[in-house]
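Peer 1: Residue strings, one per chain:
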Amino acid sequence: MGRRRRRQPDPADAARALPEAIAALSRTLPAAPSPEIFRRAKFDRPEAAPALWRLLFHVLSPLSADSASVSFTLVDGPPELASPIAEAQVRWVKSVLHSQGYPRLALVQLQDDGSQGGRELLLALAWLLARGPLPERLLTQSHVRLGDEMPVCECEALASPGPPAPRVEAEGSVDIRHLQWLMGKLQLRWRNLMAGQQEQCALLGKNPWQRIFCSTRLSWNLSGLQLLLLCGTCPPADLPAPQTQIHSYTRGCHSDRSLGHLSVTETELLRDPEGGRQLLQRLETENARLEAALEWRHRELVFWRWMDTVLDTCPLEASPPTFLPRIPEPGAGAAGLPVRELQALQEELQALQEELRKAVEARRAAWQAAVGGHGPEWRAARRALQVAVAQDLAALQWAWEQGKGQARPHGPRRLVRTEARVPGRLGLWATEATEALRAREACLEAMLHQLQGQCRQELARLVGVRPGLIWVPPPAR
Amino acid sequence: MLPAECSRRLVAELRDALDSCAELQRQLEQSLRVSRRLLRAWEPAETPAPEPTPGPEINEEAPSSACPPSPQDLKELELLTQALEKAVRVRKGLSKAGEGVKAHSLKSGSTSPATRASAPPSTSHCAGSCAPGTKPPRGIRHPWVPAKDLPGRRLLLVGDGAHMGKGAGANKPEAGLRDQQIIPQAAPPVPEAFTLKDKGALLRLPEAFRKAASRNARLWAQLSSMQTGDSVDAAAATAKTQFLQKMQTAAGQPGSRLSSAEVGRLQKACSLLRLRMREELTADPKDWTQEYRSLLTLEGLQALVGQCLHRLQELRSAVVEQPQGPWPEGPPRAASPCGGGADPMWSPQLLLYSSTEELQTLAALRLRVAMLDQQVHLEKVLMAELLPLLSEQEPLGRPWLALCRAAHCLLCEGGQRFLTVLRDEPADRLSPP
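As they're listed, the protein sequences go chains A and B.
Under UniProt numbering, the first residue of the first sequence carries the number 1, and numbering increases by one thereafter.
Under UniProt numbering, the first residue of the second sequence carries the number 1, and numbering increases by one thereafter.
Keep in mind that the hints were calculated from the coordinates and are not lab data.
Even glycine gets a Cβ: it sits at the ideal position worked out from N, Cα and C.
Treat each hint with caution, since some may be false.
Each computed DSSO-like pair below joins lysine-lysine, with the alpha-carbon atoms no more than 30 angstroms apart [as the list claims (entries may be wrong)]:
#1 K380/B to K358/A
#2 K246/B to K42/A
#3 K286/B to K358/A
#4 K92/B to K75/B
#5 K42/A to K240/B
#6 K185/A to K380/B
#7 K197/B to K86/B
Some residues of chain B that are not near chain A, with every Cβ distance over 12 angstroms (derived) [claimed, not checked]:
#8 T81
#9 K86
#10 V90
#11 G93
Excised from the complex, chain A in its bound form:
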């Protein structure tokens, strides 16, 4: 059966298409103003500017969680009634756009109080939308997590700083002992964190009849006994602690067979109906936004045509002669990148190169010494190996060129307890993720030791010039 021929577009449809597209966009973005604001922005009306600044702020902020945007969502009423955007936030938006490579200078020339520039902001928003799947990314960030999530890569373990939070200005000079104290505090916090994490895992999935023997690799800094205590080993039966497993006890409850058991979130919603209602509401909101995103994807073509006209109404930008080029300071560089960062990267690459050079020299020498005695089949094998290695390295290079993780697990995943090695289960096995993390751990440890060694050498050099001192290193572990 052939495809149904699309009927000729109706002019009335065309007139409706743009407002509908913009409406879909405004429904899917967090804290988006009404479609009317977008129209006014094209004509650079002043009331459009604050709303669009706010929108950009929420879109760019990595912490654009639901709770943050809720306070800014304009449900009804004219935008000028909403709280004005702060100057610091305006500057932050400008700097983030710049670091992402925003080409137009007109943006930075806008006032910091956020009262003008509707059209420019509209262009900035369109620029962000054109560069990548922005609504989808935002939805992923604010996605309602129904399972017990655990990210398997460490990039989400530590929160990244978002927009500049109000920070108490640090005092002037401090004693180095203050730094030592802060370091100690940090280490203590890490220990508490590790212990707490172990307990959480036990509450999720511990078998009450097994003792927990944490692997010996975990016993850094702590003696084995301390670690066992911290891990909350399964006590003998007479202790009253309810060491039970949430995952195991809710087995068979989930309507989704592939999951099999409830998560903490789901169980909590059963226990606490009020919380359950709120969770349901958040789910429904997300569903509405998802539908709007789908609609937007269908209709966005007409939006881009409209944006072309907006761009045309802008006066051509003069090249920036009014701003004298500032001499780049040693601490700052273009595009918001400190030169320091580039320097650090260069040093890292150079260190890597040095290490590789030494390794290659040693191995090449050993190889040359041993290579005698291979026959003609050796040549064919050698060629095959060369091809294989070249392919391997090309894949590696592609991994960072394309910006895709090299098949490394990424992103938080829902924890599911299941019988060992049932074939056909789609998902990442904890054992495999552990292997990948161990490799990374070894790498980081090596890097840390190398850096520390470097410091030792440097310090030895510094104190070596002063005779008359004996430096007694601490006893080795």
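With chain A held as given, fit chain B onto it using these hints.
Peer 2: Positioned in the frame of chain A, the structure of chain B alone reads:
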């Protein structure tokens, strides 16, 4: 004392690290609180909300038309809750008296399982008709007090989500209530608060929630499949690229600019290369093919590193040439170790584990890697600040020695161990500073 600028930077870095840790700790404590609470006995919820099922008519087949429930029902419910709480106290004393006595009193006091099993359909049906406008979760706002199971018997829960599997539970108060009215003197059914251990397998998620969740999954799947284009998508993609080009040319800015994406790629390249090198160096070649292969790989890695360095040099020279614009200085953006390879689209991904040890090992390892990452970063920052300081300062006084010793501790021992400095003078041995 350290100079002000240096102090400020170092203290800021350490405070950032401490704040990140504190944030993690806070999240962890919250989830611990939730998990612990779930594993304890669940308390009865306070119930000002009306119970959708009416009281004593429960065993009649005709669904009751009393909705919303009358104030009298509410009062009865309150009385029931008080009575049941009292019964819990009584039970604590009774439990000493032995199991057999309890079972006996239960049998006499409560309805038989047969009626219990038949009642849920009418209960849920009633709930369905009684509460057309209210959301289903309201159905569970009742005293969560199912009667204690007789040993070995399991309640049959007909699964309509409107009661979230607590149909039997809802039944109990009614049954108990009836008993109360008919036999005020008999021991009420000894209630026991719900524990996940005993009855976790009986829970069912509410219908509305399940629907919303499945709709959510379906919408996400649709959105993901939209990425693989069709004709509409291709047209939009070209429109977008054209728009971007127009923006670029209309801007009047000279040439291409250094973007943080490029540097991010190089950083990612660096970490991937290092990881790969580590793998090759620690691998144990078994025969000459493997040896040769690892040699080739290392040489290839060396070439790639050379390329990256070259590219970096190019970028740096480009940076120096360009004038600094009037853009405000933003906060330095930390490069994510995973290099921004995050999938922009959510998709349901599972992490499967089969034993607690696996989960604990994974979690601990993840934290350890994060901690190491932070340590490496701090080490670099400290090195950058402290080493120049030490080499600049000349006076060989106690302050300088103290600084050296502290720097050694921070930089070389991770802040954990100190070395001792002895002044070696033949005339008199001074104690360590």
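Peer 1: Decide, hint by hint, whether the structure agrees.
Peer 2: Now for the hints, and whether the structure bears them out:
Proposed proximity of K380/B and K358/A is supported: the alpha carbons are some 23 angstroms apart, at most 30 angstroms. Distance check on the hinted pair: K246/B and K42/A sit about 17 angstroms apart at the alpha-carbon level, within 30 angstroms; holds. Distance check on the hinted pair: K286/B and K358/A sit about 21 angstroms apart at the alpha-carbon level, within 30 angstroms; holds. With a C-alpha separation of about 26 angstroms, the suggested pairing of K92/B with K75/B holds against the 30 angstroms cut-off.
As the CA atoms of K42/A and K240/B are separated by approximately 18 angstroms, the hinted pair is consistent with the 30 angstroms bound. For the proposed pair K185/A and K380/B, the alpha carbon gap of about 19 angstroms is at most 30 angstroms, so the pair holds. For the suggested pair K197/B and K86/B, the alpha carbons sit about 24 angstroms apart, so the restraint of at most 30 angstroms is met. For T81/B, the non-interface assignment is confirmed: its Cβ lies about 16 angstroms from the closest Cβ of chain A, beyond the 12 angstroms cut-off.
Residue placement check: K86/B keeps its beta carbon more than 12 angstroms from all beta carbons of chain A (closest about 23 angstroms). With a least CB separation of 22 angstroms from chain A, V90/B remains clear of the 12 angstroms interface cut-off, as annotated. Against the 12 angstroms criterion, G93/B stays outside the reach of chain A, whose nearest CB is about 19 angstroms from its own CB.
Checked against the numbered hints above, the structure violates none of them.
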